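Go by the hints and put chains V, L and B onto chain P.
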Amino acid sequence: MDTLFVSIAVILAGGAAGLLFYRQFTLMKLVTIITTSAGCGIGLYFVLPKLLQGTTATVSYNWMHTLTLFFQLDSVSLFFLMPIFLIPPLTLVYSFHYLENREKRLRTGVNYFFFSILIASMAMVVMSANMITFLLAWELMSISSFFLVMYDYESSENRKAGYLYFIFAQGGAMLLFAAFALVHSHSGSFDFNSFAAIPEQAKLLIFILAFLGFGSKAGIFPLHIWLPKAHPAAPSHVSAIMSGVMIKMGIYGIFRMYLLLDPATPVIGQIVLVTGMVTGILGVVYALAKQDIKQLLAYSSVENIGIILIGLGIGMMGVSGQNQAMAFFGFAGAFLHVFNHSIFKSLLFMGAGSVLHKAKSKNIEELGGLMKRMPVTGRSFLVGSVAISGLPPFSGFIGEFLIYYGAFQGLTGEKLPFILTVLAIISLAVIGGMASACFTKVVGLAFLGEPRTEQADNASESGIAMGAVMSIMALSCLLIGVLPEPFVRLAFSGIQDITAVSSFNSDSFLLIVRHLSKTAMLFIAIFIAVSLFRKILYLKKEIGSGSTWGCGFTQPTVRMQYTGTSYAYEMVEFFKPFVPIKNAYTGVKKIFPGKTTWQSEVTDIAETGYQRYLTTPLLSFITKLKWIQHGHIQLYIGYIIVAIIVLLLFL
Amino acid sequence: MLELTTIIPFFAGIIAIFMPVRVGRGILVLTALLHLQLTVMGWLGKITPAFPEYFAVTDEGMLILLVTSFVFLFISIYAVSYMSETEISSEPIYTGCTLFFLSTMTMVTMADHIIMLWIAIEATTLMSAPLIFLHRSKTALEATWKYVMICSVGIALALLGCFFVVMSMDLGGIHVPITFSSLGTVADKLDPVWLKAGFIFLVIGYGTKMGLAPMHTWLPDAHSEAPSPASALLSGALLNCAFLGVYRCHQLLYQAGLGDFSSNILVGFGLFSMLIAAIFIFHQTGYKRMLAYSSIENMGIIAFGIGIGGLATYGAMLHLIHHSLIKSSLFLSSGNVLLGYGSKLVNKTGNMAKLFPKTFTAFFAGFAGISGFPPFGIFISELLIIMGAFQQGRSVVVSIFIFALILVFAGASRLVTKMCFAPCENPEILVKENWARTLPSFALLAASLILCIWLPDSIYETIISAIATIGGSVNG
Amino acid sequence: MESVLAFCFAVAIAPLLPAVIQKTKAYFAGKQGPPLLINYYTMIKLFKKGSVYSTSTSFVFKLGPVVGFSTSLMMLLYFPMAEVAPIFSFHGDVLILFYLMGLGRFFTILAALDTASPFEGMGAAREAFFSTLAEMTIFAILILFFKLTGSLSFYEFFSGDQAIDLMGEYSALLILVVVGLYVVMLTENSRVPVDDPATHLELTMIHEAMILDHSGPDLALIEMGAWFKLLFYSGFLARLIDPFHAENVIVNGLLFYAVVTFIYISIGVVESITARYKMPQVPKFILTPFILVFFVIILSMGVMQ
Amino acid sequence: MIELSSAFFSINHLSDALMSLTILSVLMSLGSNRLMALVKIMAFQGIVVSLTPLFLEHHESMNFSSIILLLIMLFIKGMLIPGFMYAAVKKIKIRREVEPIIGYHASLFAGLLFILLGAFIANRLHISLPVENDLLLITAITTLSAGLFLLMSRRKAITQVIGYLMMENGIYLIGTALAKETHTMYVVEFGVLLDLLVGIMIMGIVLHNINSSYNDVDTALLGQLKDN
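Chains as they are written, first to last, in the numbering used here: chain P, 298 to 948; chain V, 670 to 1145; chain L, 751 to 1055; chain B, 10 to 237.
Bear in mind the hints are in silico, worked out from the structure with no lab data behind them. The model shown is predicted, which means the values in this text are computed figures rather than measured ones. Each hint should be verified, as a subset may be incorrect.
Unchecked claim - Straight-line Cα separation of at most 30 Å, DSSO-like style, residue types lysine-lysine; simulated pairs: (1) P:Lys921 with P:Lys457; (2) P:Lys832 with L:Lys798; (3) P:Lys832 with P:Lys457; (4) P:Lys921 with B:Lys235.
Said to hold, decoys possible - Here are some, though not all, of the chain B residues that point toward chain P, as calculated from beta-carbon distances under 8 Å: (5) Ile110; (6) Leu160; (7) Gly232; (8) Leu234; (9) Lys235; (10) Asn237.
Note that the Cβ used here is the ideal one computed from N, Cα and C, for glycine as well.
Chain P with its partners taken away, still in its complex shape (with noise of 0.2 Å):
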């Protein structure tokens, strides 16, 4: 546990480092990359063999008289703090050819200031065993990773995004302030070991508080309307981390809520179910939508958030219905989506913050051709598409294998499990769909084809450190694809400590797990063969190239290829009712028409929900309040001598 504190130390040494060099660019960047992720190297290198051979450790501290800090580390804890150590120092090597703006020198440095923070406070996060604890690391995380969203406050939107996730950071922190102050109240205790002791019926209530708390953190629908604004304000190896790693805080928090309270009613795991579809399919069809690629990420993340939610509800009813195979297979499933999650939702936001760089834009309607102008993010980009639509060989599919699998075991429950098990099934098949439609937008209109605008055009490929981790992460999501086992026996010494999952036999599984990773090989070296096979067919054959094939028409410009708007429009529409597109079309008039626009928008309803029934009538309520200053003494003394006679009507 000591080894834990040190990397902590480090870390937070290599943010300060940040501050205290931001005078010689080069060398900060590289004394705070290097100090950092020794840090966080110190921490997998305990956490690895700690959470194989299956160890818990507790260490706790006296603070302020009262109150303790409280740490502890069980197989969960030790799991997630994988993504936590393992991510950021990737991350962080990117941001050395991607922070390369000397004038902001003062503001990278706190960037790095911050970001040591945010990996500390995550580490904190999973490490905490009380209240207190927990929450001051979560209430760290939330600070520390505002700032690292306000990196380019200069643009409005920025600063509104900025704002947006400052709202739910802290009104999610206050429900869990709530939930965690009524456990208290039945406990008296701030430990986490005294939650199972509550009393059932206050279970599910503290449940749902804290399942909103965490879940804006973590971006479930309806309250993850800050991550498709804070991401694309994040510089992109910030947005790498939030949404890689940072989110996966708020699942951490559901689950770790859920193993304390214990609870025996089964309405738990439905509503975690339910909400993770509802999540997983509006949050990928927003994600089809979105022309931008970062907010086409943040949905993705929502999207996934919604995948790891419906495994947890898989394990969670698995517990509650005594079925322990489905229960064992859901949360493994969701813990191995987490750390594949992490590792290719980073890549792709790398891939992004690369495009963005060297492209300037984001907005894939500006882009274009660019997989010949950057081949190493484009490769990598692709892999790391192929692997979050969950497609094998590669790491996503492990994963929602073993949701799948989970889900399929509980296919004997009865009457409202086993329908909810079948819509869980068949929500994974449809996210997966509309995620390969999805990624395929992205690729096939940001990479490919030819680009749209001359900057897409004079794009070239990013800086040797952004290209390196992007390469490792798009190498380790095929490893992942197709060596599983010793992931999936990580994900499954993640949830031995769990009780209600301990006694399960995995053996079993581990076999049809060789038999997958045997299925990619084979995959693979079929493909290999044909392409060798395609390669001697065009031996000595005259390979002619020219445009492409026009359909007749014989001017074809860039302009004219397929829109991402157009790609995605019917399968948006199709959802139409949940997700409202918004369309302007001036017309064609006249004999001789002139100009013509049409344009089309999508709009969140989250969003426009919120505003409509919620902030609208709030902020026009407060302001028909306004009078009550109204500037005139005479009113001021009336509302004493008011106080007066309706405190004397309580005599």
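Using the frame of chain P, we list chains V, L and B on its own:
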């Protein structure tokens, strides 16, 4: 002779008025240091009151005295630099009046006699009114008028409350000195109806001074018009002193077995203040007004916490300490902003992050602190208050409490992000920031931070024994 | 050994069977139609040719046919053709195989988008949409099969104690599934009424529009992949409805392929007597079997208990 | 009503006469629109109120120091403050309270209501009161309420100060009415004195400044600081 803490600033003030400006500044800082020194000696038990019939050392009083003295020291250091940059009618008047103000506030913290407390609080109004009027503008005049008028009415009502308390003694047939400490011992014999009536008038009276809604109306005006060091003093020290009056009365009622009655009133006022603050923080145009409303909110939180009882009282006491430190730091930073941009309007400011990095750091850190983000102490205090409230089973009121907190945060963070990050329309910096005017803010924030990491035993024990008198404890 | 032979036979016969469809359609049109071996000729012709690549394309364009072909081949490796155990099989293989098909589609779509052609983009969008809808039906069918057999593998669906049998206990339910699967087959293989490969206007195509720019061996790979896929789906259907169970493996296999041929003919018949739906109608058409199968799942809940 | 009339018929002390005079002055101030007249009424009221303790039964055994205090009170309330106000009004050009927020007739009517209110409260408190001096209490409450009423219903700053004064008088009377023990005596006097001093001094200064910056003392001008 703990009364020296009152007497010394008073005479120092008289001297300062007749001295040249530079000497006056020296006197100010020296007196602040001396005051802190005496206060600490008082804490250590080295000196005790010489007039026990009027003054007494109480736990809560000493706590507030320490906070006041500490905050005053840094504000006066700041004021030295601030006053040299700003145009005010007469600096000796400022120096003198702040010292008088300190003297009267010290008196409040030590007062044990009911009337002495009342006199001291009344005297704070008298001494602080010139501070608000220091800029001599029409708006300053208006603010002063409102401040004096509303507070006088309030305080007059508090006097009536004092009569009622005395009345309840007469009816109970008790013959003891009219001090809180002696009344506390015979509290159960006091006539309950008159005691309750007395409490109502006292809480309205002192609540006016403390800024509890709906008697808060003077507060935003006064805080926004006073020069920033004075605003910092008003918010960081005066409100606490007024709170002490309310606290003492609540204590008396608790000892008389009427705790429920007074608690409910405090909870009601607390929530109402928070909601009112939330309403006015939204769409607020002036940042000093915003801070003033935030003070109203925080006073509401403290009243709420005290009213809830149990664990929440501990939270409320911590909140009081940290609010003083952070809010005065914020007002000091806002002074820099005012000097820099020359306007109190949020719209005229902007891009502080680039134009005033030091002030920005202090201001934003203060804002984060006041909103309940760690590593500042308000995080713990709010958490404890919420926990305490749930523990008492007050789930409805605590829901309103949380709602108000979120609302205030949403309103305030909008303005703060605007000030800190939004582009400034005419980036003409009138006065540059310097360390002399930013270090005090940082020092106050650092104090909050340190108290959050390491709370000295004596402070902890003092809080515990203070809240024990109203039935609060850390174990619920 | 049997499995390998069955696999080889399936691969060999895959190009032959689509010609049956063409023959059927020709019969309905009163024409003679192409020879049955037409696809083999086409294959040889294409393999001999070179290719012309658009300057817009990148390596992804060349990846498309290879991945598409490989994934289709994978299906045949894992599917028990002719009632013979497949070469590979394990519990859970259906999931990875349908996802592999998704991978094939993914790269086909990318290859289409790589050409920067508006028509291919349009085809790609439709393909992505319709296949997602079809996937819902497929997974609903898998759920049902798991419910019936407790298995997640093609081989286990049709073998063992609880093998799916149209004549068995749940025949009423299975008939609905057959209808659903048939529609999925039409959708996934771009047949009328979802898609019309023989149309003249690129605007109205789906699959054909996506491969407009492929030529030579690449096109051959795509075509072969498509045939494998069609064979897989009709094989799946045939396993469901095949009423014959002979002792002899070869006889059994022949009977199986007879049923498969029957399915191909039925496709020909459908293509001859119906027209392609309007594009906005297609989603409804594809969703209908999903609703059917979902209904069956709900029913099965009552039956199984 | 019966209680009220019985209270009026029990005038058998000089103090009761003083009380009636006080109520009269209150009603007059409510109905008056001339600032100068108001000041004079206040001086009169101040004197009457200061004298009241002298004529109360339980204060007959007064000692020397309380007499001194009473004299100081008389001086401040009857001379110093009215003199101060007089000077202020002299300086200001405006002599009338124009357009009060609540009109004079309505104000007078409100004054009557305050008397009723006072009688009602006094009646309610009848049993628990240590001293049976209903009329004093009625007067006190009426004065207090009328003071608050003036504060709320008048526009001119001077009138508001007068309202404040009247309120203080009411508080003083209540204190006198409620006090039984000698030790509370000083409390009331001392408190009210300080309050008056503080309040009036500050208000005087502010008033002076208001006049010099606005050339008027209308508080309608003092409505710039607001949030709507």
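Going through the hints against the structure:
With a CA separation close to 25 Å, the supplied pair Lys921 (chain P) and Lys457 (chain P) stays within the 30 Å bound. Among the hinted pairs, Lys832 (chain P) with Lys798 (chain L) is consistent with the structure: their alpha-carbon atoms are about 13 Å apart, no more than 30 Å. As the CA atoms of Lys832 (chain P) and Lys457 (chain P) are separated by approximately 53 Å, the hinted pair breaks the 30 Å bound. Note on Lys921 (chain P) and Lys235 (chain B): the hinted pairing holds, with a Cα-Cα distance of about 14 Å set against a maximum of 30 Å.
A hinted interface residue such as Ile110 (chain B) counts as satisfied when its beta carbon comes closer than 8 Å to some beta carbon of chain P; here the least separation is about 6 Å, so the hint holds. A cut of 8 Å between beta carbons decides the hint on Leu160 (chain B): the least distance to chain P is about 5 Å, and the hint holds. Checking Gly232 (chain B) against chain P by beta carbon gives a least distance of about 4 Å; that is within 8 Å, so the hint holds. A distance limit of 8 Å between C-beta atoms decides the matter here; for Leu234 (chain B) the minimum to chain P is near 6 Å, and the interface restraint holds.
The criterion of a C-beta within 8 Å of any C-beta in chain P is met by Lys235 (chain B), whose closest approach is roughly 3 Å, and the hint holds. Restraint check, Asn237 (chain B) versus chain P: the minimum CB separation of about 4 Å is within 8 Å; hint holds.
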